[in-house]
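S.K.: Residues per chain are reported as follows:
There are 2 protein chains.
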Amino acid sequence: MNGQTDHIPGGTGEGGGTTGGGADTGTGRQAILRAARRAFAFRPYAEVTLRAIAAEAGVSPSLIVKHFGTKERLFNAVADFGPAADALLAAPPASLGRHLVLALLSSRREQQSDPLLRVVFSLGKDDERTLLRERFDAQFTQRLAALLPGAGPGLRAELIAGQLLGLGVTLSLYRTGEAGRATDEHLADLYAPVLQHLITPADPV
Amino acid sequence: MNGQTDHIPGGTGEGGGTTGGGADTGTGRQAILRAARRAFAFRPYAEVTLRAIAAEAGVSPSLIVKHFGTKERLFNAVADFGPAADALLAAPPASLGRHLVLALLSSRREQQSDPLLRVVFSLGKDDERTLLRERFDAQFTQRLAALLPGAGPGLRAELIAGQLLGLGVTLSLYRTGEAGRATDEHLADLYAPVLQHLITPADPV
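Chains as they are written, first to last, in our numbering: chain H, 1 to 205; chain G, 1001 to 1205.
Warning: the hint list may mix true and false statements.
[As the list claims (entries may be wrong)] Reference excerpt, derived from the structure (chain G facing chain H, CB under 7 Å, subset only):
hint: 1; residue: Leu1155
hint: 2; residue: Leu1159
hint: 3; residue: Leu1167
I should point out that these hints are in silico values taken from the structure, not numbers from a laboratory.
Where a beta carbon is used, it is the ideal one built from N, C-alpha and C, also for glycine.
All chains should be built: construct the whole structure from the sequences, respecting the hints.
M.R.: Here it is in structure tokens:
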């Protein structure tokens, strides 16, 4: 089962070999979550089965039931951007740009997945995946907007969300490129001012 | 067939009703290209059929053969980021940030699809979709890097590509939000300085 090389959504592509279950902490819990993120982002809710998620995670369906109960509860766990927002938004506006970059990088490394990127893969037909987009907006973008000083925080928050999703895309697309080889500090030096410009604009438009 | 509301990849979600074929210019050519972008981004090359693309585009398979010949030639048409790069990179570095925003917005509106975003949906299993990523890198990112003054143009080009992909994501994700309601000029006022910071950094890192 380690022959697969899924990178996204969720996966950063650097740790595909750990989805085999058992090796990771939480007795396959993280592997289940990764497989579920992929499944719910790519397929309509009605077509997603716990059996298929279990197969991709390399665990038994009963282990999913043990950890998460029902498909609905597993979906809710996957659709929850709350913990990601807690980690990403834990800085005052004046230093939020740098914090966002470093927190995103830490999260991708520690969880072997991007904390936000799965919302991109939910762009598609209107079905239950709409809920994923609504949660993203409510739990991340609107919460970010409430933190922003200056005029037009809503639009700036939407653009900042896009910048973070774009950074995640670049880190996945170029994981063997220059972005993948750069240090966290170097990436923050380059990208934090870019974010900060929309967080605390010198000349609010 | 207009009951579907596919937004992405390619589609901006604002003109889903025109994928029915016949109504658009080029006798279904654009509808075929939109359907092909989706198909090749989401599915392995071997699994993509002209018949399925024709069904999604609302045209006959023979019309695809007439316009594009073979599946390989249709893939090459879809995987070509050259025309997008021509349009996006047609400005000197000093004004490239603003040009990128306005050209991206124009392209999305005129072609009812994002010129770059399909590469995001190619992030997945390693198969022929890898070719889409390689073309994106060669035809857009490396060409952009060659235009950038200052130190470390390769990494900055990868980050700028991410910013443009992120802008495309936000415009699709928030097409009924503030980003969708903002004027091109307002979006350029906010986002161009952000891009420009990585194009001509005041203090190259």
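S.K.: All hints are to be evaluated individually against the structure, with a verdict given for each.
M.R.: Against the structure, the hints:
no.	hint	in the structure
1	Leu1155	4 Å, holds
2	Leu1159	6 Å, holds
3	Leu1167	5 Å, holds
When the structure is compared with the earlier hints, no violation turns up for any of them.
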